[in-house]
Amino acid sequence: MIELDGKTVLVTGGTRGIGAAIVEALVTAGAQVLVHGRTTPEEGPYAAGSPGRASTRFVAGDLALPGSGRRLWERADQEAGGIDVLVNNAGIYVPDALEADDQQWAEAWERTMQVNLIAPAELCRAALRSWFGASRGGVIVNVASRAALRGDDPDYGAYAASKGGLVALTKTIARAHAGRGVFAYAVAPGFTRTSLTQECFDATPGLESRVRAEIPIGDIVPPVEIARVVCFLASGLVGHATGSTFDLNGASYVR
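For the sequence shown, my numbering assigns the number 1112 to the last residue and increments by one with no breaks.
Bear in mind the hints are in silico, worked out from the structure with no lab data behind them. Bear in mind that the values here come from a model prediction, so they are computed numbers and not experimental data. Accuracy of the hints is not assured; some may be wrong.
What the hints assert, rightly or not - Derived DEER-like restraints, expressed as beta-carbon distance ranges:
id: 1; residue 1: Gly-1063; residue 2: Gly-1036; range: 33 to 39 Å
id: 2; residue 1: Gly-1075; residue 2: Asp-959; range: 24 to 30 Å
id: 3; residue 1: Ala-1025; residue 2: Gly-1075; range: 29 to 35 Å
id: 4; residue 1: Glu-964; residue 2: Glu-1056; range: 18 to 24 Å
Glycine residues also receive a C-beta, built at the ideal position from the N, C-alpha and C atoms.
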């Protein structure tokens, strides 16, 4: 079992889906976790006034706003008194159909790039500056997508491009800063079993069966598997894998 006692981790988009599974795995491994969400929930363990959990703290921030990544890091770092691991998990999936009008298409691209690539880049930059200022290293895990490697459906070019950029950013950080003790990894899931995915399946008859048919393992990815990989990478036990992208897609895309 991975042990993360003494580690402090910031997880963006940590209140649901893949992010919530990552938080749970990190806490189980002994980490202190700063859980980011766009707004403070009205109910649940991260709601205002909730006793929450001793091992987690909530930090709000809208990553669609310019400069939000840097501000989120500064606030979280100050609250925690230092962060050892950054997990960039937050992301959006917005259509950018060719048939959309120019303004809608441009807005979809701009918003997707801001949330999925620019904000994570700001967070990575802030983390690196913080770690180097303290003469220490750290770990960055960027949650990308299968779409970064094989492309996506026609209406989601911005999403694929943003995740491809995130993989390239991960490789660049790894090559540039491994000598200073920074390890950077990307995780690239395929279709994942979350409530949002289920909503898509429910809204589109036959979609789930079509998706399953292209996955040799026969099912879409459970979030806990992604969380286990992130937890392992956060441990720092595989430094020589820095710069790598870890695929979790049931062999629906093999490279």
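So, going through the hints one by one against the coordinates:
1. Gly-1063 to Gly-1036: 33 to 39 Å: 51 Å, violated
2. Gly-1075 to Asp-959: 24 to 30 Å: 42 Å, violated
3. Ala-1025 to Gly-1075: 29 to 35 Å: Given about 32 Å between the Cβ atoms, the range holds.
4. Glu-964 to Glu-1056: 18 to 24 Å: Since Glu-964 and Glu-1056 have Cβ atoms about 22 Å apart, the given range 18 to 24 Å holds.
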